[in-house]
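Could you put the whole structure together from the sequences, leaning on the hints where they help?
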Amino acid sequence: MKPAPFEYHAPTEVAEAVRLLASYGDEGRALAGGQSLVPLLNLRLARPKAIIDLNRIESLAYHRLEGDVLVVGALCRQRDLERDPAVLARCAAIADALPLIGHLGIRNRGTVVGSLAHADPAAEWPLLAMLFDAELVAEGSGGRRSIRAADFFKGAFSTALDPGEILVEARFQLPPEGAGTAFVEVARRHGDFALGAAGAVVAGDDVRLALGGFDSVPLRVAPDPEAAPSAVNPVDDIHAPAAYRRRLAGALARRALELAKERAR
Amino acid sequence: MTLADFLRGELGLTGTHLGCEHGVCGACTVLIDGASARSCLTLAVQAAGHEVTTIEGLGTPENPHPLMRAFSEMHGLQCGFCTPGFIVSAFEYLREHPQPNREEMRRDLSGNICRCTGYVKIFASIERAAELMSS
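So the protein sequences, as listed, match chains A and B.
Using the working numbering, read the first sequence as starting at 1 and increasing by one per residue.
Using the working numbering, read the second sequence as starting at 1001 and increasing by one per residue.
One should not assume that every hint holds.
[Unchecked claim] Calculated Cβ distances over 10 Å to all of chain B for the following chain A residues:
(1) 224
(2) 229
(3) 250
(4) 255
[What the hints assert, rightly or not] A short, non-exhaustive set of chain A residues, derived as facing chain B with CB atoms under 10 Å:
(5) 34
(6) 37
(7) 38
(8) 40
(9) 42
(10) 79
(11) 109
(12) 233
[Stated by the list, open to error] Partial selection, computed: residues in chain B whose CB lies under 7 Å from chain A:
(13) 1021
(14) 1022
(15) 1035
(16) 1038
(17) 1041
(18) 1098
(19) 1099
(20) 1108
(21) 1110
(22) 1111
Just so you know, these hints were derived from the structure itself, not from any lab.
These figures come from a predicted structure and were not determined experimentally.
We put the CB at the ideal spot given by N, CA and C, even for glycine.
Given below as structure tokens:
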């Protein structure tokens, strides 16, 4: 339960971090909040040759609302958003989701962008990224590029990031003021990984539904609770049978859509 | 090296307990710049330049923190393994909610696991500590 030895770097500039990460090829890992990566290190499920710690790069510690876009830097902690009344007031789905992420001590350290880069199929932020058509900004030795959420999640814990690239920013395209949004999930205990989750937007004719935990990646599906069970491809495991998860997809879809509709003005 | 191993092994501050070592149990909770964090998921080197508060920093046997007194008075522990983590988390909780309620406590302390007592006496201890702190 102790990490295997690794080299450690704590650069203070993004360019330096990119250079260091690239120098290790696929044997380097970027570290932000550490709430997903450090357990993997402790369990030795991940044994990178080098850790590039982003926590000293002050220029990445930001979030802001730019009109309808929520812009989140790589060192923005979950708790930073949870404590920002402007963000909570602007997007109900995000306000719904934040308290469901791990536990308070996890949210004090864990980052939004780190969760996206980790790409757990049951995690909240990947689902929100799909729901809000997020643009994910990666920086590598060739410069910056923007990746649409729909192109970013490749599989469980697998993303479109190339070795040597760091996810530096996420840009969530929030629906216009007055739209209703909602996020609901079911977990065995508060703070556990969700068995399933759903996010919805109701903005006039723009009605959207995203489901998480039901496939290797979060899904955008037709906003129809009746169709949701057949739109998912859940696993059958110790936590719940696949048939239960299919029913759950329908139930969560209904709850999320109804709540978003109630909230729409 | 994790912060937890540094505190315990290098500094001899063994009040911080290590349970699961992968972020699930909360026994190793400390405050980093006043915010609770799992010291098993933080590298020791990351604490450089930051203020770390452990259970030892909250009170001593001679001069216990009101939370420590209350856990003793109200039997908020049995084996005691989870207690330092609970007290550190409860310290943060009471700082932000000086008048505790059970609903909030369930939510904000969900990251600490006790395997002996159940949580009723732990919550009663935190409520008692709030009384002690306000009087």
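Structure-inconsistent hints, enumerated in ascending order: 12, 18, 19
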